[in-house]
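Participant: Let's have the full structure, built from the sequences with the hints guiding it.
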Amino acid sequence: MNNLPDPPSPSLTPTTPAVHAEGLTVARGPRTVLRHLGFTVPRGRITGLLGPSGCGKSTLMRSIVGTQAKVTGTLNVLGRPAGHPTLRSRIGYVTQAPSVYDDLTVRQNLDYFAAILDPGRAAAERRHHHVTQAIADVDLTSHADTLAGNLSGGQRGRVSLAVALLGTPELLVLDEPTVGLDPVLRRDLWQLFHDLAATRGATLLVSSHVMDEAERCHRLLLMREGEILADDTPEALRTRTGTDTVEAAFLRLVDEAADADRTKESTR
Amino acid sequence: MSPSPLSPVSTISPTAPTTGPGALNASRTAATAARVLRQLRHDPRTIALMILIPCLMLILLRYVFDASPRTFDNIGASLLGVFPLITMFLVTSIATLRERTSGTLERLLAMPLGKADLIAGYALAFGTLAVVQSALATGLAVWLLGLDVTGSPWLLLLVALLDALLGTALGLFVSAFAASEFQAVQFMPAVIFPQLLLCGLFTPRSHMHPALEAVSDALPMSYAVDGMNEVLHHPDMTATFLRDVLIVAGCALLVLGLGAATLRRRTA
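Here the protein sequences line up with chains A and B, keeping their order. For what it's worth, the UniProt record's numbering labels the leading residue of the first sequence as 1, then goes sequentially. For what it's worth, the UniProt record's numbering labels the leading residue of the second sequence as 1, then goes sequentially.
Think of the hints as simulated: they come from the structure by calculation, not from any bench. As the structure is a computational prediction, the values presented were derived from the model and not from experiment. Just so it is clear, CB atoms sit at the ideal spot from N, CA and C, and this is done for glycine as well. Among these hints, one or two may not hold up.
[What the hints assert, rightly or not] Covered, in the sense of this in silico footprint (three residues per stretch, anywhere, with C-beta under 8 Å from a C-beta of chain B), are these stretches of chain A: (1) 59-67; (2) 80-89; (3) 115-128; (4) 196-210.
[Said to hold, decoys possible] Okay, the calculated bits of chain B under chain A, using three or more residues with CB under 8 Å as the criterion: (5) 24-32; (6) 37-50; (7) 105-113; (8) 261-267.
Facilitator: Printed below as a string of structure tokens:
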């Protein structure tokens, strides 16, 4: 399972963070969706990206993966500028809506994406192993030969996640991976995320608008209207705001920001 | 913190070779073609419709012109070139539109897949299907329905195959401008019907209004039908036939290139 190659020179790898942004701005049409963001995502940890829907979480994730147009400022991913061709096999990305072929079985879907990541006949055995492992990771072994279109919404989401796990990526960017899942599955997936970080050394960036999931992250980025409100650990956030839960901390920060906006407007 | 181009990132172990723009990776192309065919295999009704409808139309045509076999020869031969173009246009435009809207295209382009691999994969898969379709239709027309060709039926098949490739290319290109499957289907009359009217199927192109004749000179389907008629009337490969075939093939490649330009790794 843990067949990640040893880092070539361990002294160098930890010095570059998984993601580093400075003055990151993204425009979509006439609207500025992300405004001058600066943050760092450390390696080997789970970083939660939280905020109300429409605040720019998906745009930020697409920028990191390199599929977002009109990105300005500095955005380095695994030591390279975001979207660099060599990053394409090192990042696993799960979009909000499951992106799999409905008219293929679970295994056929994974077989295809595996063949793109690790092509050639020589790699066939390794691919087969990776595909079987990924299906087991998301607990779909009993559905391996079911057409993706015949699965439930939550199951299709897990197929999409399994695709992102192929090829043991160093960075996993997961856009709301637990939406619509029952509590048991949600717990199992978070267990898997922690396993990936702990045993495979993977970095995870997970977005969610469910605040109780925030408590399971090592670090949090709280977003509101295209800006980052806070970049801290869950404990530090709770202490700083004098609250008991991340949810309460987030609400307090949002209220403070809204108050600040109002005073700015009234003094104008 | 922000790594300069000379930062230690160069120590990262080389990943699987990513194909540069234009370069084809045979394994990834083959995997894509196999995947497209596998998707179709789960949809036997589509395959049956694609293969059988041209044959049924030829049978219909044969008995519509029961009293004038010469007319059947002319129109039948032209239609052998038109059918594959229309079917492949429809199938490709819908298939690639689905790829765009389901998010699988974004996922593939975030992976180390070259655009050329994707397009060649589609062309290969639908080209294979077109060979089967054209072979059946040509065989039926020549041997069972008594279509009278002076030249070799193999040349008919060659033109039919190039037409199919042109249809695939046009479908791929047009799918970039369709936001839904409804729109994609409406592009069929918009792109195909004018060519059908101007290709010389209903009246010789030299009898048209000079302005329309000039337009028909610029449309690829005119050369597809011209090529079929050359085979119909001449025992050997003529210079005109060669010109027609080269023009159709050139158009197909040109439009495939345009289609590749509509696949963007970064989107708004």
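Participant: The structure should be examined with respect to each hint, and the outcome stated for every one.
Facilitator: These are the hints, each one checked on the structure:
1. 59-67: holds (count 3)
2. 80-89: That given contact holds, which follows from 6 residues of the segment 80-89 of chain A lying within Cβ reach (below 8 Å) of chain B.
3. 115-128: holds (count 7)
4. 196-210: Answer violated; 0 residues pass the 8 Å Cβ test.
5. 24-32: Since 5 is at least three, the answer is holds.
6. 37-50: holds (count 4)
7. 105-113: holds (count 8)
8. 261-267: holds (count 4)
Hint 4 alone, counting from the list given before, is not met by this structure.
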